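In case you want the letters, here they are:
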Amino acid sequence: MAFVELKAPPPPGNPVSEAVADLTAIAKGLGLTLRYFFTKPVTLQYPEERPSLPARHRGRHELERHENGLEKCVGCELCALACPAKAIFVQGAENPPEAPISIGERYAETYVVNMIRCIFCGFCVEACPTEALQLKRVFELADYSRESMIFTKEMLLAPRPKREREDSWLPG
Amino acid sequence: MAATAPPTTVTLTIDGQEVTVPRGTLVIEAARQIGIEIPVFCYHPKLSLVGACRMCSCEIQMPPPPGQQPRPPGILTACTTQVAPGMVVNTLGPQSTKHREAVIEFLLINHPLDCPVCDAGGECPLQDNSHAWGPKESRFEEHKRLARKGAPLSPLVVLDQERCIVCYRCTRFMAEVPGQAELDFFSRGFSSQLRTIDDQPMKSHFQGNIIDLCPCGALTSETYRFKARPHDLDHADSVCAQCPVGCNMIIDSRSNEVVRVRPRQNEAVNEIWLCDKGRFGQYYFSSKERIAQPHVRQDDQLRPASWSEAIGSAAVALQGVKGRYGGQAIGVIGGRNLTNEDCYALARFASEVLETPNVDHRTGARHTAANPLAEHGLDAFNSPFVDAEGAGAIMLLGTDVYEEMPVFWLRIRKGVKNGAKLIIANPRATEADRVAFHRLRHRPGAELAVLRGLLAALVESPPLEGPAAVEASPPAALEGTQPAQAPPPPTRDLSGLRDALGDASVEGAAEACGVTAETLRAAAATLAGARNPLIYVGARLAIRADAPGLAAALVNLATALGQRRAVSFFPEGANARGAALAGLVPGEGGLPAGEIIAQAAAGKIKALYLVGENVLATHPDAEQARQALANAEVVVVHELFPTETAALGATVVFPATSLGEKDGTLTNAEGRIQTVHYALRTESSARPDWRILSDLSGEMGASLGYAAAVEITRDLLADVPAYAPLADGAIPAEGVIVRQHGGEASDGTGTGGPNASWGAYVPIPEGPALAPPPGQEGLTLVTYGELLGDESTLQDVPEVLEMVPEPYVEVNRQDAARLGLTEGRLVRLRTARGGVERRLRVNGRCPVGVCYTPDNLGRPRVNMILDWAQPFPTVTLEPVREGVAAEALAEAGD
Amino acid sequence: MVMLSETQTESGRMILNMGPQHPSTHGVLRLLLELEGEEVVNCVPDIGFLHTGIEKTMESRNYHQAIVLTDRTDYLSPLTNNLSYILACEKLFGIEQDIPVRAHVIRVIMCELSRIGSHLIWLGTQALDLGASTVFLYCWREREQILSINEAVSGVRMMTSYFRIGGLSADVNRGDPKADNPADRLSFEDRVAEFVRIMPGRVDEYELLLSRNPIFMDRTRGVGTITKEDAVRYAFTGPCLRASGIPLDMRVAYPYCGYEQYDFDVPFSNEGDVYARYMVRLREMRESVKIIRQGLEKLRGLEGQPIRIDDPRIAFPKRDKIHTSMESLIHHFKLVSEGPVPPAGEAYAVVESPRGELGTYVFSDGSNKPHRVRFRGPGFYNLQGLPRLTNGRMVADVVACIGSIDIVLGEIDR
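Chains as they are written, first to last, in my numbering: chain S, 1427 to 1598; chain Y, 389 to 1282; chain L, -1 to 412.
Bound conformation, chain S alone (with noise of 0.2 angstroms):
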C-alpha cells in the first residue's frame, strides 16, 4: 500500500513541440480509432439477434408443475411476503380432493403479479418454499396498457409437460 502523487504532464517549452506534441497525441488517437474501424463490431443487432442471457437471469415469473401436471405452488403467499414492492398477491383455498390442483391441502385460488410494481429482485424465487416459483430469462415484457401488465395465474402457470415450450426463442 502506497499512496502515489499523480502530475500532469509538464507544458513542452516552447509552442514548436508543444505543436508537434498536440499533433502527435491526435494522430495516435485517430490511429486506435482507425484500427478498431478493422475489427469485428461488439454490438448485437438486437431484436434480429438474440442476447445469450445466463442461467440465473431474473426476468418474467413462471409457476412451475411437477411432473405429473400438479402445479407446485401451494398458495403459501410467502411470497407475496417477501416481496418488496407488494408487487404479488395471492389468495389459497382448499384442493379439491377429487381434482387436486396442486399437491397438498392449498392451492393458489388466486395467484396474480402486477408487472409494473415488479422489479425483478428475485425474493419471492428465494421465499418460495416449493420451488414453484422461478423468474425466466424472458425480458421482453413491455405492452401498452396497465391492465395487461396483471399478469395473472393463467399466464404465469408453466404449460403442462410434453408440449411444446412458447418460449423456445430462447437459446438453449
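These are calculated hints, taken from the structure and not from any lab test.
From a predicted model like this one, the values you see are computed outputs, not experimental measurements.
Treat the hints with caution; some may be incorrect.
[What the hints assert, rightly or not] Stretch by stretch, here's where chain Y covers chain L in the computed footprint (C-beta under 8 angstroms, at least three residues):
# : segment
1 : 305 to 315
2 : 325 to 334
[Unchecked claim] List time: in silico BS3-like cross-link candidates among lysine-lysine, alpha-carbon distance up to 25 angstroms:
# : chain 1 : residue 1 : chain 2 : residue 2
3 : S       : K1433     : L       : K54
4 : L       : K288      : S       : K1562
5 : S       : K1512     : L       : K226
Think of the CB as a built atom: it goes at the ideal place given N, C-alpha and C, for glycine as much as any other residue.
Assemble the complex: chain S is given as a structure, and chains Y and L must be docked to it using the hints.
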C-alpha cells in the same frame, strides 16, 4: 395475635432484577410483571395448570437453609412453580436454553412440514418459539408420525392431528370455561389423539375459542381456511352486535372482505372469549345478498330507484300522512341492533321531523316504560358483568342465558365455580341447568307466582340482618385462642314486605306456578343466605303484559335480600340499552312497538317507519304484522337484506350499511358504551342509517344536519344525561358504564338512595293470566330465540348454517308417548291461526304439558301461529306425512 | 443570493436555468447560473427532482426487503450501496466478525468491478461532455462486460441486490463448458479473469485518446480548481478529495471486508483541477484491477467455503434443508415473512464508493423494520462544492466541473 401471620408478598430475583409479588404468584407471572416473557405452549392465564410442554423451564435456585451450602439451581417449569422468598430465577441460563432447545426438537420431530399450507403460519407460537429458541436444523431422519389431517371436529373447527403438540389447551378450555367437555385426548404419548366424545361433532357455542388458544396449527377455522395470512389483513377494533353482551372483537378483512373475527381482550366484558355467532356470524358485512340500492314501490312492485328519487318519494309520502292525519298517525320502530348514533338520529328524526311520539325499539312491547324497574329508581341492569364472579347466589329468571347472552354465561359460570349457587326458574331445562343448585320448573307464564312464592318464603323465615351477618361463618379460629361466641345477629324486619305481599302464601304460589313449596322455600333460603345475590331476568319478561308486576316483585325480592341493585333485566337486542338512552322509547302519549303494529293493523296508524326491524318475523303475531303492513299507507324500511317485510309491505326501501362499515358507539346490557370502528368500505350505494335520516330530514325541510357519525356522538353525549360523564367525548378503549338511575348511591347495601321511596316495599300489581288454564287439550307452547337461528345474516356462512339445527319442536317423553309421536317425526304445530311444520325432538327438557320451539328458526316463523293477545298458546301436534308437498297437505288439513 | 424564481437580478445579471432536463447535468439536476456575460458569478444547485423517499420507504420494509432500495440510490454502483447498508446491519446484529471469508472476498471483487464500471460511466460522459464521443462508446463496451458479470452472478445487470445480511444471496456462478447457452459456459472466475486481463490495456487506450489530447487538456487543466482546505471544508470525499491533495480512502482508513489484506495504491494529486480528478480516477481503475486479481487468487483458496453465516435467526437456511428439516422450514418461513430482527440499537458503517465515503446509519427499535435509515452519500457533499468550482469561470466550464465531481442524483436526492 397477628405477629405470626406470614407476609402477603414475596421478593425474589428474576434475571438479576428484584421483584416483589403477592404470595402464590407463579414465577411466569412474576417475570411478566417486569417485562420478561418466558416462552410457553401449554400455560395460559385463563386455564388451569398442567405443566405439559416444559417449554417454560428456567434455572431456579432456592436460598440454602441456614448453615448449609447452596445447592445448584434446578430446572423447574416457571408456569407451575410459585414464588418463594429469596428465590433466584434465571430464565436465560445455559441449562434452561439447552432444555428449551431439546423441548423444541422433540416437539418438531413429529410435526409435519406444513408451514406453507398451514393457516397458523405467521401467527404460530410454535413457529415463533422454534425460531427464537429451537435448534438450527433437525437431526431426526426417520419417518414422521402420520395422523388425521383436515378432520372436522365440527362444521366450524378443523383438526390436523399431525400438527398437535398435546398442550391440552383446547380440552382444558372446553372442560373449564364453558364446562362442556366435548373434547379429550385418547391414547398416550406418541399416539395421543384429540377426539370429540363418541366422535360426534362438537355442539358448544364456544368452540371457536379453541382455535385462538391452539399454539400450533392443529385447530384451524373452517371459515378462515386458507383465506389469508395474518400479514395481509387489515384490522378494525369493533364490538359485536349479535347480542347485548357487547363482546369486543377485531374484524380482520382482506381486499375489503371480512375474512375472520377475533376476540379483543376486555376483562370487564368478554375477557378473551367470543361465542361462535360473534366469531363466525359476521361475514354478512360483505354478503352479496345485501340490498345494493334504494327501491320504491310502483304498481305494487318494488323497483330499483336512485337515492334522490327514493328520498324524494319517502319525503312526499311521509309529509302526506303527517299533513292528513298528524304525527300521531306515524309509528317508528327500530334501533335495538343499530349504533347509538343511528338511534339518536332516529329519535331526533321521529320527534323533530315526523313529530310523532310513537317511537319504540322493543318489537312486540306492550308497555310504554322501556325499563320496568325505572319507576322503582333502578336501571334495567344494575350491576357490572364482573359482579357475577363474586356473587354468592345467582338467580336466572325466564332466560336461557346460554342462548341469549352466551359470553355472559361464561361469567356466570365463573361465579358458580367461585361458589355461587345457581337458581334457575324456567319452564324448560336449559344449558345452565347442568350446574344449577335449584331448578324451579314453573308453568309457562307463571314467573310472577314463582316470585310471590319466594317472597312468601322469605317472610316465613327472614334472612339475617346486615352484610356482615350474611357471611355467617365466624373468622377462622387462631391457634390457642377460643373464638368468642358472637351473639346471633337479628333477622331482617320484613313486615313491610308482608304488607305488600298481602295474603300470598308459599303454598298458594306453589299451586299457581307448579313448583313445589319445598323447592321454593329452599331457593329462598339459598338466596337469603348468600352474600351478594344477583337476579338476572330474561329480556322477554320485560315486554310482557305482566312486566310491572314482575318488576315490583323483583324489587321487593332484591330489597328483602338487602341488595336492591341485585336485579337486572337482559335487554332484547344488542343495543337496546343504547336505543333506550338515545330516546327510542314512546314519548308523551306515544305507543309501544307492539301497540304501533296493533294500531296499524287496525288502521289507526297510517305510516310505519321501520329501521332494521323485520316485523313480519319478529312481531309476536305475524298475521297482525301482515295486516299492519297492508293497512298502512306508507311503510319506509331501512334494511340490509331483502326481508319479507321489505318485500311485502315497503313503500320505500333504503339500503343501510352494516355495523362493519360504520363508526359509532354501542351500549351493551350493563350500560357500557363502547366504540366501534369501521372495518370495510361500503362498495354498494348503501348509506348509514343516520345519513339516510339526515338526508331525508333535509328533504322534509327540517334538516338534522349531520355529516359524520362523530358529530352525532358528540351531540348524543352532550344531550343524554346518563352520558354526561363522557361529555368531553373521550370513551376509553374498555368502555364506560353509564347509569340512568342512582349512579351516586352505590354503597352496596341498597338501602339509602336517590329518593324517599328507595328501599321501601312496593305493592305488586296483579298481571293478566298468561298461561292457559291447566287441563286443556294440547300443549302450552313456549318460544325463545336461540343463538344460531336461520336469520339472513348467517346465510352466507354455510359452516354456521350446518350448526343451525333443523327447525324443531321439543316435547316431553310422556307427551310424545301419549300422542304416539317419536323422535325425528315431522309434526305440525297447530293453533287457531294455522300450523307450522317442525321436526320433533323428544326429551326431558320440557315438562309434561309444555312444548318448545325456537322462534328464530324455520320458515314460516312460529309467530305465524301466534296471537299477540295470547303469549302462551295451546297447540296441538299432528304428524305430517313426509314426501308429500307441504301445500297439498296444508290444504287437506284446512 | 439568487432566488430560484428570478430570471434577472437587480444588477442586471442574467439568470440562466441549466437543467433539470439537460444532458450534461448527469441526471435531473437544476443549476441556477448567475451570469455576467459569459462569466459565472454564482451557481446555485437545486436538487430534489429525483427525490424518491428511499430512506422513508426503508422504514416500512423489513431489514431484508430494504436491501433492494439501496440499489436504487447510487444506481451506477449498486453493489457498494448494498455493501454499506449490509455492513451497517451486520454491525447492528453484532455479526460483523462472523461473516465467512469467501463472502468478503466476493464482495470485494464485486465492489471493485462496480467501481470500475462507475468510473467508466464517469469517464465516458465527462469525455462526451467535452466533445470526445469515441471514449464514451469505448467505455460503454467495457462496462457491458461488468454488467454481464453482474447478471451472471446475481441475475440482474444493475439492481443486483446480491449481498445479504450475513453474506451473499448465492455463491458465484459455476461455469459449464458444455452448456447449450453460451452465457452459462463461463464461470464467474473465468469472466472476471478475462476482464482483468484486458482492462489495463483498455485504460491505456483511454489515456492515449485523452491524456495528451490538446482539446481535453485545455478544457480540464486549471479548470474547476478547489484547494485542499476548501475540499475539506465542503466535506469532499473520494476522488474529488484525493485530487485536491488529501489521500483519504475509506478502504485504507477504516478497512472493511478485509481490504487491509490487499495490496493497492491510493493515488492522489495536489493540483485540484478537473484534470487531476481525471488522473486519479484512471489510476483507481488500474488499482481496482490489481485488487480484483488478488481477490481471484484468494477465492481459489476458499473453494467450497460457506458464503453465508450459519445463524438461522439472521440468514436463510440452506435450500435443500427446508424440504426435510422442520426447524429449517420454520426459520425460513419466519425469515421470509418477518425478516431478521436485530436488537435495539444503532450502527454506522462506511465504505469507499466510487464517489467517496458512503455511510449508512441504521437505527433499530428492536422490531423487524428499521426505525430509521440514513445514507451519507458522497455526491451530496461533493455537489455542495460545485459553486466553488464554477464561480469565476465560463459557462462552458460548468459542464466540465459537473462531470468531474461525478454526481448521481439518485444518491443525492434519495
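Each hint tested on the structure:
Given as covered by chain Y, the segment 305 to 315 of chain L passes the check, having 4 residues with a CB less than 8 angstroms from a CB of that chain where 3 are the minimum. Look at the segment 325 to 334 of chain L against chain Y: 7 of its residues bring a Cβ nearer than 8 angstroms to a Cβ of that chain, three or more, so the hint holds. At most 25 angstroms may separate the alpha-carbon atoms for a hinted pair to count; K1433/S and K54/L exceed this at roughly 44 angstroms. Taking the CA atoms of K288/L and K1562/S, the gap is about 35 angstroms. The hint is violated against a cut of 25 angstroms.
Of the supplied pair hints, the one linking K1512/S and K226/L is violated, its CA atoms being roughly 47 angstroms apart against a limit of 25 angstroms.
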